[in-house]
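Using the sequences plus the hints, can you model the full thing?
Taken in order, these protein sequences are the chains called Z and H.
The opening position of the first sequence corresponds to residue 1 in the working numbering, with each subsequent residue numbered one higher.
The opening position of the second sequence corresponds to residue 1 in the working numbering, with each subsequent residue numbered one higher.
Treat the hints as calculated values from the structure; they're not laboratory data.
Be aware that one or more of the hints could be misleading.
What the hints assert, rightly or not - Lysine to aspartate or glutamate pairs mimicking DMTMM-like chemistry, simulated, CA-CA at most 25 angstroms apart:
hint, chain 1, residue 1, chain 2, residue 2
1, Z, K80, H, D65
2, Z, K80, H, D6
3, H, K80, Z, D64
4, H, K80, Z, D6
Stated by the list, open to error - Example chain Z residues on the side facing chain H (calculated, C-beta under 10 angstroms, incomplete):
hint, residue
5, V51
6, L53
7, D67
8, T69
9, K80
10, T108
To be verified - What the simulated footprint calls covered on chain Z by chain H, stretch by stretch (three residues with Cβ under 8 angstroms from a Cβ of chain H suffice, anywhere in the stretch; the number is not a length):
hint, region
11, 1-8
12, 19-28
13, 60-66
14, 70-78
Glycine residues also receive a C-beta, built at the ideal position from the N, C-alpha and C atoms.
Number of protein chains: 2
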Amino acid sequence: MPTPVDLAAVLAGITQPWQPRTVALLNDYDLRVVRTHGEFTRHSHPETDEVFLVLSGSLTIRLDDGDVTLGPGQLHVVPKGTPHQPYSPDGAEVLLIEPSATVNTGDTPSELTAERRVV
Amino acid sequence: MPTPVDLAAVLAGITQPWQPRTVALLNDYDLRVVRTHGEFTRHSHPETDEVFLVLSGSLTIRLDDGDVTLGPGQLHVVPKGTPHQPYSPDGAEVLLIEPSATVNTGDTPSELTAERRVV
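This is the structure we're talking about:
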């Protein structure tokens, strides 16, 4: 019997910010939920676009051509190779969509680099 | 200046059910919003998985091993080659994620087959 993936239920089990959990696979892509809070490492993904869809709260993505601030139900695709810095002073819950091989800090390893974790 | 994609705003402009609109591209994948209502064509996609994420309302996906009913914030991935029939008696707003070449009725063309439309 198939069961739904409930994004809020998975997020309720996450306390640490910037620690994505893979909740579903789509071919060789991951759907990941992450709790954001504060400032993330500026980085880029030379090999892939990346989707940010805000589920609750507010997330700003700092880009060289301006910031984009997302609220619930709003998304932005950071193009391949584009430097970006997620910034979330008040916190947010976010759905990320990207190839399964994608590392959260891309080309800029930092103390926020996270292992891929599948729920 | 980058701007967010607002899923509710795009959906507000859609009146017809089962007519997806591509709101964003992720590499060679589409993110599509669709208004569902009533019964869709049973079909499968021999070449790809397909993500259904419900934004509002309720969507049932009939599968050979049981139905899965999704509410807001719940998703299901229909595996490649799996027959499925979306059914939404009371209506829903849904985000679909799938390769850009994917046709909504997959291997079963019907009067509900829709052209790919990019917002």
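Outcome of the hint check:
1. For a cut-off of 25 angstroms, the pair hint linking Z:K80 to H:D65 is broken: about 38 angstroms separates their Cα positions.
2. Distance check on the hinted pair: Z:K80 and H:D6 sit about 21 angstroms apart at the alpha-carbon level, within 25 angstroms; holds.
3. The straight-line distance between the Cα atoms of H:K80 and Z:D64 is roughly 38 angstroms, outside the 25 angstroms bound, and the hint therefore fails.
4. Between H:K80 and Z:D6, the direct Cα distance comes to roughly 21 angstroms. Compliance with the 25 angstroms bound is thereby established for this hinted pair.
5. With a least beta-carbon distance of about 5 angstroms to chain H, the hint placing Z:V51 at the interface is held under the 10 angstroms criterion.
6. The criterion of a C-beta within 10 angstroms of any C-beta in chain H is met by Z:L53, whose closest approach is roughly 8 angstroms, and the hint holds.
7. Given the 10 angstroms rule on beta carbons, the hint for Z:D67 holds: about 8 angstroms separates it from the nearest Cβ of chain H.
8. Given the 10 angstroms rule on beta carbons, the hint for Z:T69 holds: about 7 angstroms separates it from the nearest Cβ of chain H.
9. Taking 10 angstroms as the C-beta cut-off, the interface hint given for Z:K80 holds, the closest approach to chain H being about 7 angstroms.
10. For Z:T108, the suggested interface contact is broken, since its CB lies about 20 angstroms from the closest CB of chain H, more than 10 angstroms.
11. Counting residues of the region 1-8 of chain Z whose CB lies closer than 8 angstroms to any CB of chain H gives 8, so the stated coverage by that chain holds, three being the minimum.
12. Here the region 19-28 of chain Z counts 5 residues with a CB under 8 angstroms from a CB of chain H, which clears the bar of 3, and the coverage holds.
13. By the rule of at least three residues with a Cβ nearer than 8 angstroms to a Cβ of chain H, the coverage given for the region 60-66 of chain Z holds, with 4 such residues.
14. Interface restraint, the region 70-78 of chain Z with chain H: holds (7 residues with C-beta to C-beta distance below 8 angstroms; minimum three).
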